[in-house]
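A.B. asks: Just so you know, UniProt numbering puts 518 at position 518 of the sequence shown, and the rest follows in order with no gaps.
Please note: incorrect hints may appear among the correct ones.
[Said to hold, decoys possible] Below are the BS3-like pairs computed for lysine-lysine, each with C-alpha atoms no more than 27 Å apart in a straight line:
1. K187 to K161
2. K574 to K593
3. K593 to K296
4. K187 to K296
5. K435 to K593
6. K574 to K435
7. K161 to K212
8. K579 to K593
9. K579 to K435
10. K212 to K481
11. K187 to K212
12. K376 to K161
13. K376 to K481
Don't read these hints as lab results, they were simulated from the structure.
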Amino acid sequence: LHHHSDKMRTSRTSTSDTTPLKGSTSSSAEPNSAKSIQENDRFSRTGIICAALAFAVGSGNIWLLPAAIAEGGATFLMQFTICYIFAAIPLYYVEVALGQFTSASPWYIYQMLSSAMSGIPAAIAFNVVVRCIALSVWISVFLSMSFISLEGAWGELRYAKCWDDDCYDHRLAQNCTFAAPNNADCKQFLSAMSSTRADFKKATPVIHFSQKFLQEDESKIIFRENYTPDPMLMGSLVLTWILAILAASAGTRVIAKLSCAVIAIAVLCCVMLIVLAFTTGDIFFSLRHFYEPHPKSLYRVDKWVAAAGQALITLNVSTGGVIRIASARGFHHSLAIDVIFIAVTTIVVNAITLISMIALMEKYAADLYPFEPPDKRFHFALVHNYMSMMLVVETISGVSGGWAMAGFYFLQLAIVPFQVLVIYLWVLTSMLHEKYASSFRQRLHNARAVLLLIAMIILSVITSFFFILPGGFMHVLLLAKVCKDATFILGLLQLITVAYIYGFRRFSVNIRTMVGRSIMDFLWGFSWIATSPFIHVACFIGLFTAKIHYTGYTWRVIFSVMTFIWVPLNFLFKDYERKRIREPIQVMFRPQKDWGPAHTANREEARRMERAMRVL
Numbered sequence: 001l002h003h004h005s006d007k008m009r010t011s012r013t014s015t016s017d018t019t020p021l022k023g024s025t026s027s028s029a030e031p032n033s034a035k036s037i038q039e040n041d042r043f044s045r046t047g048i049i050c051a052a053l054a055f056a057v058g059s060g061n062i063w064l065l066p067a068a069i070a071e072g073g074a075t076f077l078m079q080f081t082i083c084y085i086f087a088a089i090p091l092y093y094v095e096v097a098l099g100q101f102t103s104a105s106p107w108y109i110y111q112m113l114s115s116a117m118s119g120i121p122a123a124i125a126f127n128v129v130v131r132c133i134a135l136s137v138w139i140s141v142f143l144s145m146s147f148i149s150l151e152g153a154w155g156e157l158r159y160a161k162c163w164d165d166d167c168y169d170h171r172l173a174q175n176c177t178f179a180a181p182n183n184a185d186c187k188q189f190l191s192a193m194s195s196t197r198a199d200f201k202k203a204t205p206v207i208h209f210s211q212k213f214l215q216e217d218e219s220k221i222i223f224r225e226n227y228t229p230d231p232m233l234m235g236s237l238v239l240t241w242i243l244a245i246l247a248a249s250a251g252t253r254v255i256a257k258l259s260c261a262v263i264a265i266a267v268l269c270c271v272m273l274i275v276l277a278f279t280t281g282d283i284f285f286s287l288r289h290f291y292e293p294h295p296k297s298l299y300r301v302d303k304w305v306a307a308a309g310q311a312l313i314t315l316n317v318s319t320g321g322v323i324r325i326a327s328a329r330g331f332h333h334s335l336a337i338d339v340i341f342i343a344v345t346t347i348v349v350n351a352i353t354l355i356s357m358i359a360l361m362e363k364y365a366a367d368l369y370p371f372e373p374p375d376k377r378f379h380f381a382l383v384h385n386y387m388s389m390m391l392v393v394e395t396i397s398g399v400s401g402g403w404a405m406a407g408f409y410f411l412q413l414a415i416v417p418f419q420v421l422v423i424y425l426w427v428l429t430s431m432l433h434e435k436y437a438s439s440f441r442q443r444l445h446n447a448r449a450v451l452l453l454i455a456m457i458i459l460s461v462i463t464s465f466f467f468i469l470p471g472g473f474m475h476v477l478l479l480a481k482v483c484k485d486a487t488f489i490l491g492l493l494q495l496i497t498v499a500y501i502y503g504f505r506r507f508s509v510n511i512r513t514m515v516g517r518s519i520m521d522f523l524w525g526f527s528w529i530a531t532s533p534f535i536h537v538a539c540f541i542g543l544f545t546a547k548i549h550y551t552g553y554t555w556r557v558i559f560s561v562m563t564f565i566w567v568p569l570n571f572l573f574k575d576y577e578r579k580r581i582r583e584p585i586q587v588m589f590r591p592q593k594d595w596g597p598a599h600t601a602n603r604e605e606a607r608r609m610e611r612a613m614r615v616l
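From just these sequences and the hints, can you work out the full model?
C.D. replies: Next up, the structure:
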């Protein structure tokens, strides 16, 4: 029986080392066929940095930050910095190292690393699918708004002024507040001022148009007669999914070029926002939010949870994308320098964008609530919540050439997350390919791959369509927020697997094989076994104990269970297989024999280092 179990345990390694995939050529330099299915799918060094930067910068949810800064100020920045340094960056380093060491997707990494935790890729895939739905709707909305902005080239923008009495055009306030009732130019403004005088939540032109466009302007949407989304929104959704799935299936060359284009667009948009912040916005009042302390926030669990969640999604960890990008890196590429460069650059880009946005929003708030104190009027402007990204356009749509700047701004809000959507789909398709190759010992046939792409497009459009119906966009924002909550679970599971089950000492030796020693090795190890897991656990517990208002307790529980349940279910399945062939349970917590680098020379080098350091 022991001999039989040893044969079963080693059969996968021996087969993968000797049996080539059908329809492909193999060599002795590529021992692991399933893992090396995309061994030649490599980024250039520039492509790696661009893809990683674009993936981090496009992580989204920056629309949550103005409210967090307004409520927390310097205290929130301190909380964010602590969580970013001691939780987000160490986890990002772990994912980059895993991908670079194995040259594999998340599915194959955790299959090899520990059978007991091989359900992590399924949990990641579930979270990524939900994120894809939310991102596709987000992209479709802003892509449609970008197309609508082009109308300014030959006519008047639909959101340049008010068309209904429930729309308040704050730009006319100075000339029309005390105008005569029979003034034709101010008739609509006076009517709107009369109907909204008791309402501090005023719908200005861009906000009003956006609510009408998304059909989010009425509280009781169930009584609508028309449930059909705008045709442009439907067309943008279909176009988004077709382009994203085709780009994801095209491989690293297309993704690298797309990433470089995204970085260029993001830089141009940052420059435009900086110029507008100094010329049109109120830059000095915006900076005031960043240095005003709010000491009470230090003792509020919900503020720490919000800061930690924002820190994790800033680097887009626990989604498989970081691992998949890193799998296309060279085995001896530097780790720490690249990780720190990407982490710092991402923060700089987000800081510039945020300061510029708040400067323009301050100008908007000052025009809309001229008689209110600065702090109060800024909070009034933020009551639109998910429309905070639209407030920037309110200040630039009225200037000369505003339609072009607004169109470019909306295009940037669509293009940057589009690259993230492409990488999410790339992660999912690569895991499907590796699963298929491992199960059937052959590559996915071209005809079947085309059918799979068509099925993915149809299913994706149908699933996302429900979220562009009246009232659907609010549910998309709810999905985005609960996905952020699930990041705590996924990050904790990954850290436990690497630092405790596999062993942080052995993992450190693997990293030393790739890049040698570093003066920061102790800091990384301490973060993996102490600070980062502690922050993940504390924030996950805080989700269910703190009073977080943006989503209900029930939804957080449901989504957390649906994310986590894949791990114990997979454990039970693997345990059943283990008992069937009478293996000891310890086998489930050990790496498989085909764990390690895909290339033979690199694998032998890693084994020699592990034996020398006595970590095997």
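A.B. asks: If a hint holds in the structure, say so; if it doesn't, say that too.
C.D. replies: Do the hints match the structure? See the list:
1. K187 to K161: The given pair, whose Cα atoms are some 13 Å apart, holds under the 27 Å limit.
2. K574 to K593: Since the Cα atoms of K574 and K593 sit roughly 17 Å apart, the hinted pair holds (cutoff 27 Å).
3. K593 to K296: 53 Å, violated
4. K187 to K296: Judged against 27 Å, a Cα distance of about 47 Å means the pair is violated.
5. K435 to K593: 18 Å, holds
6. K574 to K435: Given pair K574, K435 holds - Cα atoms ~16 Å apart, limit 27 Å.
7. K161 to K212: With Cα atoms ~14 Å apart, K161 and K212 stay inside 27 Å; holds.
8. K579 to K593: 20 Å, holds
9. K579 to K435: Roughly 23 Å separates the two Cα atoms, so the pair holds.
10. K212 to K481: Between K212 and K481 the Cα gap is close to 24 Å, so the pair holds against 27 Å.
11. K187 to K212: 22 Å, holds
12. K376 to K161: Roughly 25 Å separates the two Cα atoms, so the pair holds.
13. K376 to K481: OK: K376 and K481 at ~26 Å, within 27 Å.
Checked against the numbered hints listed earlier, the structure breaks hints 3 and 4; every other hint is satisfied.
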